[in-house]
Each structure stands twice: as structure tokens, then as C-alpha cells.
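Enquirer: Okay, here's what each chain looks like letter by letter:
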Amino acid sequence: TQLLEQSPQFLSIQEGENLTVYCNSSSVFSSLQWYRQEPGEGPVLLVTVVTGGEVKKLKRLTFQFGDARKDSSLHITAAQPGDTGLYLCAGGETSGSRLTFGEGTQLTVNP
Amino acid sequence: NAGVMQNPRHLVRRRGQEARLRCSPMKGHSHVYWYRQLPEEGLKFMVYLQKENIIDESGMPKERFSAEFPKEGPSILRIQQVVRGDSAAYFCASSLFPNRDTEAFFGQGTRLTVV
Chain A
1 TQLLEQSPQF LSIQEGENLT VYCNSSSVFS SLQWYRQEPG EGPVLLVTVV
51 TGGEVKKLKR LTFQFGDARK DSSLHITAAQ PGDTGLYLCA GGETSGSRLT
101 FGEGTQLTVN P
Chain B
1 NAGVMQNPRH LVRRRGQEAR LRCSPMKGHS HVYWYRQLPE EGLKFMVYLQ
51 KENIIDESGM PKERFSAEFP KEGPSILRIQ QVVRGDSAAY FCASSLFPNR
101 DTEAFFGQGT RLTVV
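Quick mapping for you: the protein sequence lines, in order, are chains A and B. In this text, residue positions in the first sequence follow our numbering: the first is 1, and each later residue adds one. In this text, residue positions in the second sequence follow our numbering: the first is 1, and each later residue adds one.
Calculated directly from the structure, the hints in this document are not laboratory data. Any given hint might turn out to be false.
[Claimed, not checked] Listed next, with one range per pair, are the computed distances between beta-carbon atoms:
1. N18/A <-> G16/B: 24 to 30 Å
2. N53/B <-> I13/A: 43 to 49 Å
3. Q106/A <-> R9/B: 19 to 25 Å
[What the hints assert, rightly or not] If you want the ones that stay clear, here's a sample from chain A, every Cβ over 12 Å from chain B, calculated:
4. Q37
5. G40
6. L61
7. Q80
[To be verified] In silico lysine-lysine, BS3-like type, Cα no more than 30 Å apart, as pairs:
8. K27/B <-> K51/B
9. K44/B <-> K57/A
10. K59/A <-> K51/B
11. K44/B <-> K70/A
12. K71/B <-> K56/A
13. K57/A <-> K70/A
14. K57/A <-> K71/B
15. K56/A <-> K51/B
16. K27/B <-> K71/B
17. K70/A <-> K59/A
18. K44/B <-> K71/B
No residue lacks a Cβ here, since even glycine has one placed at the ideal position from N, Cα and C.
Construct the entire structure; sequences and hints are all you get.
Expert: As C-alpha cells, this is what we get:
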């Protein structure tokens, strides 16, 4: 069974600070996706990374896929209260039939 | 993700009743996935379906749970004789293709409460 571990589980910071969320596994994934989920809503896809070592930027968010395709990180610069939410990483299998989700990082950005 | 429609948004059932959860994928998507999210936990894969076929049901409980995706109409996740432990948020996702580069779009979920 493939597992993804996210850290930290909870993160509370002040507006303007930077943060990094980690997603680690002992297994290799064909792709790694990051989602953000708000209370009462479904996960919303932020980015998909598929190549080892790949780095993608989405405004203040930077996503990195490890060289061995076992881990990933999400870095947010100058966090804003609107960034508050549950951040989920999910590993994709080659067949594409399922995503394995981490337990999530609950981020709170205080104004 | 607003294109994936799930209903109802909230469902309350008494123990022993049946729960039917519906999912209409995004237009043009023929691949549907069901996930369950228990309180304070991440999403867990349940089943992957294409039109009229179950492709991977390895995440489905062996009893009481079934899923279908008919040629016409929405995908249905059916839970018979519900128990309190079935209380969770059930999410449906759809994709255009079943490969690693394809985005999966999630619906808003159905929150099942068993009383």
C-alpha cells in the first residue's frame, strides 16, 4: 500500500510570513498533485507535477517534485488570509486509476 | 470543479436504511472516481468506473457498498443498511482520460450522517 505523509499537520502563521508544506513517501508515484480544500467543499486542484525535479510556480505558490518522485513540497510566499485552507497532496499511479491522498495540512493565516 | 455535480449535498439516514449518492461528471468525461473522507482524515479511494464498467473497486468495502455508472444518467454510489461508521463526506471526481497527466475534478461532496 502506497502512503503519503504530510507535515506539518497544522500550521498557524501571520499574514506576510512564508511557509513550506512537505509530502513524503517511500513509494514512487507517476505524478503528484496538490489540492486545496475549504470547509464543506470538494478539493480544488492547484497543480500537477509529473517529472522528477520539476518545479512549478503559481503566483505566490511554488511546487517541487523530488528527483526520485517520492516527495514533494509546497512553498507559499507572503501568505495571505485567503490562503487559509486544507492542503492535500495526492500521488497518482501509472494506470491513473486512483489517487493516494495525504492526510492534509490545515493552514491558518491570521491577519 | 463546479462542473462535477453531486447530490444531495447532505443526507441523513437512520441505521439500517439505504443511502444513494449521485454524481454527474463534467461534460465529456467518462471516467468517474469515488472517494470517502472520514472526519479528521484524508480522502480514501473507493472505486473507479467508466461508462457501464467497474474498472477498480479495490477500495470498496466488501459488503453493503456498490457503485454503477450507467450508459445514461449519473454514477450512483449505494450503501445498504447504513451504520454509524458510514458517516463521512463522499466525493466524486471525473476526468477526461485515465492517465497520469489528466486532471481529476472533484464535486462538492455528499455529507452522509447516519443517526
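Enquirer: Any hints this thing doesn't respect? Which numbers, in order?
Expert: 1, 4, 5, 10, 12, 14, 15
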